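> Now for the letters of each chain:
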Amino acid sequence: MNEQTLREPAPRNASIPNDNVIVAENLNIMFDTNDHPISALQDVNLNVQRGDFISLIGPSGCGKTTLLRAIADLTPVTSGHLRVNGMSPHTAREARAYGYVFQAPVLLPWRTVLRNVTLPLEIAGMAKSDRIACARENLALVGLKDFSMKFPWQLSGGMQQRVSIARALSFKPSLLLMDEPFGALDEITRDSLNVHLHDLWRRTGMTTIFVTHSIPEAVFLSTRIVVMSARPGRILRVIESDLPMPRSLGIRDTAAFTALAHDLREALRDGHSYD
Amino acid sequence: MTRIFPLATVMLALIIVWYAGAYVLNAPQAINLMDPDGPHNFWAVVQAAWNMDRPVLPTPGQIATNLAASIFGNPLFSPRNFLLQTAYTAETAVTGLAGGVVLGIFLAIGIVHSRVLDRSLMPWVITSQTIPILAIAPMVVVALGNIGLTGLVPKAAIVGYLSFFPVTVGMVKGLRSPDAMQMDLMRTYNTKKMSLFVKLRWPVAMAFLFPSLRVAASLSVTGAIVAELPTGAQVGLGARLLAGSYYGQTMMMWGALVLASLLALALIGMVRLGEFWLCQQRGGRL
Chain Z
1 MNEQTLREPA PRNASIPNDN VIVAENLNIM FDTNDHPISA LQDVNLNVQR
51 GDFISLIGPS GCGKTTLLRA IADLTPVTSG HLRVNGMSPH TAREARAYGY
101 VFQAPVLLPW RTVLRNVTLP LEIAGMAKSD RIACARENLA LVGLKDFSMK
151 FPWQLSGGMQ QRVSIARALS FKPSLLLMDE PFGALDEITR DSLNVHLHDL
201 WRRTGMTTIF VTHSIPEAVF LSTRIVVMSA RPGRILRVIE SDLPMPRSLG
251 IRDTAAFTAL AHDLREALRD GHSYD
Chain U
1 MTRIFPLATV MLALIIVWYA GAYVLNAPQA INLMDPDGPH NFWAVVQAAW
51 NMDRPVLPTP GQIATNLAAS IFGNPLFSPR NFLLQTAYTA ETAVTGLAGG
101 VVLGIFLAIG IVHSRVLDRS LMPWVITSQT IPILAIAPMV VVALGNIGLT
151 GLVPKAAIVG YLSFFPVTVG MVKGLRSPDA MQMDLMRTYN TKKMSLFVKL
201 RWPVAMAFLF PSLRVAASLS VTGAIVAELP TGAQVGLGAR LLAGSYYGQT
251 MMMWGALVLA SLLALALIGM VRLGEFWLCQ QRGGRL
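Chains as they are written, first to last, in the working numbering: chain Z, 1 to 275; chain U, 1 to 286.
It is worth saying that the hints were derived from the structure and are not from the lab. Among the hints, a few may not be true.
Unchecked claim - So, partial list: chain U residues that the calculated Cβ filter (under 10 Å) puts toward chain Z: (1) D118; (2) M122; (3) M186; (4) R282; (5) L286.
Note that the coordinates shown come from a computational prediction; the quantities given were computed from them, not determined experimentally. Quick reminder that beta carbons are idealized off the backbone N, C-alpha and C, glycines included.
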């Protein structure tokens with residue numbers, strides 16, 4: 001990728017209808033284990049449109065992380081059709097089409113916050129002054145511009161995860177993939193980061209796919225919630241949310257929010273077996 | 001203070017045991033050498049045992065005096081000056097150590113990046129250290145001497161043979177230590193092998209490199225001394241040790257021993273300094 005394409009932000013607005021960012025058709029992913037192959041995802045069909053905020057929710061082992069990793073080309077697809085921005089996941093990864101936020105911040109402890117955020121740009125070969133400017137901009141987006149010279153271990157867990165979000169914004173991606181990014185944080189930090197993330201998503205219009213275990217988190221953030229179930233991993237239901245925008249934490253006490261959360265809990269219960 | 005006190009206590013105990021040992025080991029000869037007409041009480045025997053010209057076990061005081069006499073009583077470039085001998089050994093140790101470290105790092109890089117090298121080379125790396133260095137040193141000296149390489153080169157080769165090993169083992173482990181999530185992270189950036197090495201593998205491995213370097217540094221002095229023995233013991237602390245044992249000059253041997261351990265300490269100190277510097281660069285953690 002040359003510097004020109006790096007500096008030019010990808011188109012970000014949800015104005016074009018039926019603009020599919022992710023298309024999955026009859027997607028199957030099998031894992032080989034010692035005794036027998038396990039079906040991690042079975043016949044998954046999913047369309048994600050530009051500007052969507054999709055939550056993948058379900059019990060452990062339902063393949064929500066596997067689906068996210070397949071989109072990111074971190075896990076190979078066994079069969080079926082998967083397109084990311086109209087490309088194969090592999091080509092999309094090579095084009096650095098997405099930003100990925102892991103369960104843990106995965107910050108490199110020997111680099112300052114600023115140099116952690118510039119890391120992807122360094123690897124892409126961007127000039128030093130450009131990448132520092134870009135990193136400062138992204139750190140400001142997550143509210144950490146005063147912490148750029150700290151080392152990761154000098155920050156709290158929530159701040160570290162915000163740094164990793166700033167880092168994921170490096171390539172100005174039109175697609176943000178997040179794998180339970182706030183799972184390890186306490187509830188108060190999680191609430192505040194949810195508000196942060198909602199604002200960031202509103203401002204950038206980035207298509208976001210968000211893996212979570214938390215019902216309130218999914219309802220608060222999403223435009224659509226994909227409910228999955230385990231053994232084999234599959235999509236059970238897709239719940240549309242028409243909660244008003246922009247959202248603040250107060251929305252959680254409204255009847256509409258409670259009703260949606262109830263629907264979601266019912267759907268999860270349907271898919272849950274206790275074997 | 002809390003660190004110095006225990007160390008000082010042990011040191012004091014060692015010195016007391018040493019002086020007692022010097023009395024026990026030297027007394028029989030000391031009594032033979034004493035003036036038959038002089039006093040033979042306990043204190044006189046102790047004095048004689050602690051002040052022999054060629055004692056079985058010299059006292060720490062004698063060793064220090066002897067060293068000081070050698071260092072300050074001779075011109076700097078006189079072969080009788082222990083500092084010159086130490087410099088020869090240091091030259092061998094540092095040259096060999098540098099070569100060994102470079103070799104060790106390159107071997108580790110090869111082993112980590114190539115399955116073939118991992119399978120074929122790693123067993124030989126481990127086997128290499130099962131051969132006693134004392135057995136292989138004369139052969140290295142003879143073999144390299146036959147192709148016209150004498151002096152520093154064969155000695156440095158022996159040091160390198162000893163010191164590459166901890167570096168290879170440590171760096172193989174270090175270069176492999178990035179965890180799955182770090183590797184996935186780099187994959188999402190479409191990182192090429194070279195960048196992956198520079199940005200992740202190498203910096204992660206630093207925490208493994210420095211402990212390996214400390215081991216390699218102390219081994220390098222051992223290696224340098226062993227390497228000086230079969231070369232005809234012309235120069236260096238190893239030569240002093242050998243000459244001392246030939247001629248029963250225990251004080252010469254102990255002097256060489258003390259300087260050898262000080263040399264090893266200095267080399268380890270230098271590694272520590274490098275470690276400290278890198279630590280500062282990283283905000284206080286390695």
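> In ascending order, which of the hints set out earlier in this document are inconsistent with the structure?
1 and 2
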